[in-house]
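Enquirer: Using the hints, position chain B against chain A.
As given, the protein sequences belong to chains A and B, one line each in that order. If you count the first sequence from 1, position 210 lands on 210 in the numbering used here, and the numbers rise without skipping. Numbers in the numbering used here are just positions in the second sequence, counted from 1, shifted up by 232.
The reader is advised that the hints may include incorrect statements.
What the hints assert, rightly or not - Okay, derived cross-link-like pairs now, EDC-like style, lysine to aspartate or glutamate, Cα gap no bigger than 20 Å in a straight line:
#, chain 1, residue 1, chain 2, residue 2
1, B, K237, A, E141
2, B, K547, A, D79
3, B, K543, A, D79
Bear in mind the hints are in silico, worked out from the structure with no lab data behind them. From a predicted model like this one, the values you see are computed outputs, not experimental measurements.
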Amino acid sequence: MNKNEHIVQMQSVIKTYRQGKVDVHAVNGVSLAIENGDFAVLCGPSGSGKTSILNLIGGLDVPSSGRVWVDGVDLSTLDSTQLSSVRKDRIGFVFQAYNLIPVMTAYENAEFVLNLQGVSEAESRERVMATLKAVGLEGLEHRRPDEMSGGQQQRVAIARAIVTRPAIVLADEPTANVDSHTAESLLDLMQQLNREQGITFLFSTHDQHVIDRARRIITIHDGKIESDEIQA
Amino acid sequence: MNLNKLAWRNIWRRKRRTLITAFSIGFGVMLAVTFTGSGDYTYTNMIDTGASMGMGHVTVEPVGYHLKPTLDKRLHGVEMLREKIVALEGVSDATVRITGQAMFASARKSVGGAFIAVDPAFESEENNLLIRSIVEGSVFSDRAGRGIVIGSRLAKKLQVKIGKKVVYTTTDAEGEIVSNIARVTGIFTTGENTIDGIMALLPIASVQKTLSYAPDEATVIAVVIKDQRHAEGMRDKVAALPEAEAADVLTWKESQPDLAAVIAFDKAGNYISQLLVGLLIAVGILNTMLMSVLERTREFGVMMAVGMSPKVLFKLVMVESFWLSIVGLILGIIITTPWYYFLYNYGIDFSGAFGTDFSYGGVLVDPVFKARLFKESMMAILGTLFMLALLAGLYPAWRAGRVPPVESLKTI
Chain A
1 MNKNEHIVQM QSVIKTYRQG KVDVHAVNGV SLAIENGDFA VLCGPSGSGK TSILNLIGGL
61 DVPSSGRVWV DGVDLSTLDS TQLSSVRKDR IGFVFQAYNL IPVMTAYENA EFVLNLQGVS
121 EAESRERVMA TLKAVGLEGL EHRRPDEMSG GQQQRVAIAR AIVTRPAIVL ADEPTANVDS
181 HTAESLLDLM QQLNREQGIT FLFSTHDQHV IDRARRIITI HDGKIESDEI QA
Chain B
233 MNLNKLAWRN IWRRKRRTLI TAFSIGFGVM LAVTFTGSGD YTYTNMIDTG ASMGMGHVTV
293 EPVGYHLKPT LDKRLHGVEM LREKIVALEG VSDATVRITG QAMFASARKS VGGAFIAVDP
353 AFESEENNLL IRSIVEGSVF SDRAGRGIVI GSRLAKKLQV KIGKKVVYTT TDAEGEIVSN
413 IARVTGIFTT GENTIDGIMA LLPIASVQKT LSYAPDEATV IAVVIKDQRH AEGMRDKVAA
473 LPEAEAADVL TWKESQPDLA AVIAFDKAGN YISQLLVGLL IAVGILNTML MSVLERTREF
533 GVMMAVGMSP KVLFKLVMVE SFWLSIVGLI LGIIITTPWY YFLYNYGIDF SGAFGTDFSY
593 GGVLVDPVFK ARLFKESMMA ILGTLFMLAL LAGLYPAWRA GRVPPVESLK TI
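The following block holds chain A by itself, in its conformation from the complex (with noise of 0.2 Å):
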């Protein structure tokens, strides 16, 4: 298997973590590729390791042993300033709340990581109108988190992840906090983004309406893949 292919590779990835004077094996010996423009899915149970996983691929965490491959970029040999580079240039996370800057609007929200990789003033406000008009909000541009309802503040959290063009967007439990209505409207415009601009997306989630969404669904349980399936 070629590591360049994909835009995710695991390789035998375990993750230990102490608790107490016991050793938890969150991730135990995970292999995993994730192909361009798939659109993917962790499930499994509570405590089963899928944030875990989430969190060792966009480099938020590092494994105790195993390596992780992102866009051809090996994680286990990068500090903490070049993961971070990686993060901001490569990968793109919507989180289960929000976690919108509340003194930005939504526009600073998503303009954010483009300052933070340089981009010119007038490069940033063609990508960030037009990725907030993708997401559908269009004219709140000004409003800050406090003035919009979840549902919006998860477009904005979705168009913050995307308006860098990253080779992965990581969505961890993204419906979680939002009512159905919602869940179905962010889960149409993800997967449209995946159809439209072949943006791929991994999320974790037990939420049966990603996974019935979802091309390709991978079990976790106790820390290792149960199973992997494509969805017709």
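Expert: Then chain B, alone, in the frame of chain A:
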């Protein structure tokens, strides 16, 4: 959005907390201005008063005179040197004087004391504390006459009044005992008991004649400068004059070491108390910034997750400290300006508590608590408080970037 804008918005998330911290910085500015301004005013006053008591801010005297002040040591060509000194930039006045010990005797009593022989044409209330403090009669007008101005306590000891005769006895240039007679033309009261009890002013030409000095010989040229802080520079300028080659040129610190020591000691105490106030303010800022960082741990985790590096996060918190300091300093200037205006123009009169004759370090101190802040003191206050505020932000800033994003994201 750039870091500055983000930091500015962040500090106003908790308006009340930011304002309380900013006011504590502002209060620090007020305290520092009050104490430093009072120090600048009082020390300048003491130094200027000390200078007008005889020796000037810069003193030109015979070699070794300040270690062993005997009248056989004397300067030559004093008038030419005085003229050269007066022509120097920054010199306000220069006067030729003879200082020495003498025994004063009246018809009833004899008292040991000291004299300053002066030329009345060059002496005034501005440059001579004793003339400024005359309470009876006036200063003699003839430099070669037989007038004498004495301290009120000395007059009391000698039991003399205006118009009465006083005989002064001293040793001349050859070490011989010589004496002359003078008539009291004025009595001064400085409020400093030692000065009022031993000092007398005599006409310089009479004293030169009595001591067998040539007309251009004296023991001291007292140089009064416009700004006492430049005494060292002026000493070097005067010492560089060819006419001063065979003389000692001293600053007031060297000619009045007791006064210099008192001021240095007082300044040190002042600095320590101000440093403690500064540290208290720094702890307040540290607390504010740390609280602000700890309550945003998750947000910082998100920022790092989307690509902000620990270095940029450190910078963000430091920029927040910067803005907090700036707001505090601006508030400080706003609340301190009217207070300083009051202290500068009116001050607080403590004469009721201490009397008008309050002396410290051998010189008289104004009983009115006033403030005059030097420009460099103001810069030092603002700079020090600003630096303290930034230093207080260092730990929270370091702390912000230390927590791994995966841990930060777990916090609620």
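Enquirer: Each hint: holds or not?
Expert: Against the structure, the hints:
Taking the CA atoms of K237/B and E141/A, the gap is near 17 Å; set against the 20 Å cutoff, the hint holds. With a CA separation close to 19 Å, the supplied pair K547/B and D79/A stays within the 20 Å bound. Between the alpha carbons of K543/B and D79/A the distance comes to roughly 13 Å, so the proposed pair stays at or under 20 Å and holds.
When each numbered hint is compared with the structure, no violation occurs for any of them.
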